[in-house]
Amino acid sequence: MSLPRPSSQQRTRPLQWALLFAIFACAAAQAATPAELLAGYSAAAGAPAVAARGQAFFTTTHGREWSCSACHGVTPVQAGRHAGTGKAIEALAPAANPKRFTDAATTEKWFRRNCNDVLGRECSAGEKADVLAWLQTLRR
Amino acid sequence: MNPNNKRRPLHRPRAALALALMLLAASASSWADGDGRRGQRVLPLPSYEKECGACHVAFPVGLLPAQSWQHLMANLPRHYGTDASLDTAMANAIGVWLTASAGSGKRASEAPTDDRLTRGSWFVREHREVNAATWKLPAVKSPSHCAACHRGAEQGNYSEHDIRIPR
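Respectively, the protein sequence lines represent chains A and B.
Per the numbering used here, the very first residue in the first sequence carries number 1; after that it's consecutive.
Per the numbering used here, the very first residue in the second sequence carries number 1; after that it's consecutive.
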């Protein structure tokens with residue numbers, strides 16, 4: 001008498017969940033491009049972004065233990081690693097990862113959290129613009 | 001045929017059936033976990049996987065009691081030294097699911113210190129053969145880095161047949 005195996009329905013249920021979530025997510029997402037987001041931050045800052053300033057901002061610490069690079073890498077065209085958990089983090093540069101900076105809410109969520117971790121405060125629109133401008137210059 | 005054997009042909013099929021049923025019952029809990037999803041008999045909520053699986057693996061919900069999950073969700077901006085805050089609607093949705101799906105059996109019998117599932121008595125017991133030096137390896141860093149050794153952790157597979165401990 002052979003033991004029953006998990007049904008194919010059990011195996012595909014995660015897929016069904018993922019599809020359902022994807023449909024809802026697409027409906028709810030605020031699709032954007034990195035260029036559009038950069039334009040928005042620059043406009044809010046009232047000044048054009050400076051990529052070199054963004055690189056310096058990204059790669060140095062700001063009075064706390066981590067810089068942005070601590071998790072994302074010095075040149076984030078490759079996967080990084082979370083400095084605390086070790087988990088792999090997908091590349092941040094849009095040229096290396098087309099999903100990056102394509103949703104305004106997601107972008108804002110991560111800026112909010114990570115700037116709080118790195119700086120202990122929100123990043124200004126100018127700082128976000130500088131970082132985004134620099135990230136867009138990176139190539140694989 | 002020997003009359004003393006009259007009951008034996010009946011006994012054997014019954015014994016075989018009984019044995020099969022016992023084996024089935026014994027393995028039923030691991031059958032449901034046939035792909036190694038111990039402590040994760042509940043399929044993870046997609047938003048939980050996405051939001052709570054970005055910086056670490058989306059830990060199996062059954063590894064903490066509801067009290068721990070609620071405490072964590074109430075303190076997301078101070079999440080073990082980082083800001084893990086979510087917008088209210090998302091936090092509420094995930095929190096409801098966590099509370100409903102939380103562990104209550106042997107794997108989550110009490111709220112561990114700091115609500116760290118890696119300090120729960122079941123977790124510690126399960127990992128008692130991992131020596132202290134292994135946790136400190138650069139490839140591992142911490143007991144919360146499940147995927148360092150559990151190669152199927154991202155898919156919720158913690159089967160002991162899919163473990164490779166880095167050197």
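These are calculated hints, taken from the structure and not from any lab test.
Where hints are given, some of them may not hold.
Stated by the list, open to error - Straight-line distance between alpha carbons at most 30 Å, and here's what the computed BS3-like set of lysine-lysine pairs gives:
(1) 50/B x 109/A
(2) 99/A x 106/B
(3) 136/B x 106/B
(4) 141/B x 106/B
(5) 109/A x 99/A
(6) 109/A x 106/B
(7) 50/B x 141/B
(8) 50/B x 99/A
(9) 106/B x 50/B
(10) 136/B x 50/B
Claimed, not checked - Residues from chain A shown here face chain B by an in silico Cβ test under 10 Å; the list is partial:
(11) 69
(12) 71
(13) 73
(14) 89
(15) 139
All C-beta atoms in this analysis are idealised placements derived from N, C-alpha and C, irrespective of residue type, glycine included.
Results of checking the hints against the structure:
no.	hint	result
1	50/B x 109/A	holds, 13 Å
2	99/A x 106/B	violated, 40 Å
3	136/B x 106/B	holds, 28 Å
4	141/B x 106/B	holds, 27 Å
5	109/A x 99/A	holds, 15 Å
6	109/A x 106/B	violated, 36 Å
7	50/B x 141/B	holds, 23 Å
8	50/B x 99/A	holds, 14 Å
9	106/B x 50/B	holds, 27 Å
10	136/B x 50/B	holds, 27 Å
11	69	violated, 16 Å
12	71	holds, 8 Å
13	73	violated, 15 Å
14	89	holds, 8 Å
15	139	violated, 25 Å
Of the numbered hints stated above, those contradicted by the structure are hints 2, 6, 11, 13 and 15, listed in ascending order.
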